[in-house]
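Chemist: As you go down the protein sequences, you meet chains A and B in turn.
Residue 91 in the numbering used here sits at position 91 of the first sequence, with consecutive numbering throughout.
Residue 218 in the numbering used here sits at position 218 of the second sequence, with consecutive numbering throughout.
There's no promise every hint is true.
Note that identical chains are pooled: a pair holds if it fits in a single copy or bridges any two copies.
As the list claims (entries may be wrong) - In silico DMTMM-like pairs for lysine to aspartate or glutamate, Cα to Cα no more than 25 Å straight-line:
#1 187 - 159
#2 10 - 91
#3 10 - 43
#4 39 - 126
#5 187 - 171
Worth flagging that the hints you see were computed from the coordinates, not collected in a lab.
There are 2 protein chains.
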Amino acid sequence: MVYKENYPSKLLEEAVDAISSLPGVGRRSALRLALHLLKQPQENVHHFATAITRLRDDVKYCSHCMMISDDQVCSICSDRSRDHRTICVVESVRDVMSIENTGQYNGVYHVLGGIISPINGIGPSDIRVRELVERVAALVSPEALFEADADGLEGSAGEVILALSGDVEGETTSFYIYRQIARYGVKVSSLARGLGFGDNLEYADELTLGRSIVNRQIFKP
Amino acid sequence: MVYKENYPSKLLEEAVDAISSLPGVGRRSALRLALHLLKQPQENVHHFATAITRLRDDVKYCSHCMMISDDQVCSICSDRSRDHRTICVVESVRDVMSIENTGQYNGVYHVLGGIISPINGIGPSDIRVRELVERVAALVSPEALFEADADGLEGSAGEVILALSGDVEGETTSFYIYRQIARYGVKVSSLARGLGFGDNLEYADELTLGRSIVNRQIFKP
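Using the sequences and the hints given, assemble the complete structure.
Modeler: Below you can see the structure in the form of structure tokens.
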């Protein structure tokens, strides 16, 4: 049943309007949430509203990698034990959290804040490609290479990992970025594609399956 | 995959805490919503927070029926064309909205604000039964009956419709209320139980099916 738009209170209607503007929240769920909030202690509701407002108003973005941060430089970029010559390029903050949760990566990140998508009107200048190019340029500058030498890294020019999604937009963005940074002579890699752990062969698409055969690896039992 | 609790920002973590306190919203959805809000224009987020705060702070409850309202008396109770001698007793604000949306009811309401549930520690004094009893008493007072007479209602004592859910707690609450108001001589009714429109006989439970046979109605094609 669809609720018709006759709310007993203008305030309720406005709250439902606001809540249902969230992605994946319909007007009926929004009504349920609004009535839930109405039953909560006043200070809880104030705390809820404040937490959201403060997030939007006060959150900072790391000046190096554009990751969400409470400081000018995020905890990853300020961690001296991480490899600052390996930059993993991701679309969003959530991707950084996902990769961090794997515990398998010790480099730094670059958050693009979007993906090139002509259909949605998002071009290269709408995402942080320029900032990435600047970082890569700095990585291969004579001073940086000299420093790396001193660190015993044998003048390694560094690596950029393109960790974007495997759809058309991700591939387009990867290709665009590759063309922008290839001239600096850094190693450019992308995520391994293949069958997921636990995936059934029967349901894998041909492209993925094809790639996992071509890129097959030595079996280590 | 479950996100481990390592957020890149304390503000983000606090917003996720707040959002995931909503019913039916897990931490992962909460993160998605928080990151969505981060991308919205600042004034939209402020509007969102304000709408929720104002709902909690400024909403009123009708002094007659306890329905959510922007005024002291709700639009239903202040509507002279409605039958004020028929009171439909419901658990929640949402029930009023549901019944109003049927367009089949022209009386007034009484919102209990809960249901008697010993397992959840909710007793008769936690819901608005006393207020209902007072309304029923006023309905059958000599003055009210005199007024009704003048209105050509032939001194009708009025009716209380118990529109509570059909589970144990609803039935318990209905029975409790019945015992409180029966002595006033009002007519007490409850919602018709039976097969829903479009319901398949095969899947109906025995109680419902039994009741719909006993309370069968003349077929009107």
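Chemist: Confirm or reject each hint.
Modeler: How the hints compare with the structure:
For a Cα distance limit of 25 Å, the shortest separation of residue 187 from residue 159 inside one copy, 5 Å, qualifies, whereas the shortest one across copies, 81 Å, does not. Taking the shortest alpha-carbon separations for residue 10 and residue 91, only the inter-copy value of 21 Å comes in at or below 25 Å, while the best intra-copy value is 39 Å. For the homomeric pair residue 10 and residue 43, the shortest alpha-carbon distances inside one copy (22 Å) and between copies (20 Å) are both at most 25 Å. In this homomeric assembly, residue 39 and residue 126 come within 25 Å of each other (Cα to Cα) only across copies, at 13 Å, whereas the closest approach inside a single copy is 42 Å.
When the C-alpha separation of residue 187 and residue 171 is checked against a cutoff of 25 Å, the pair qualifies only within one copy, where the shortest distance is 17 Å, while the shortest distance between copies is 71 Å.
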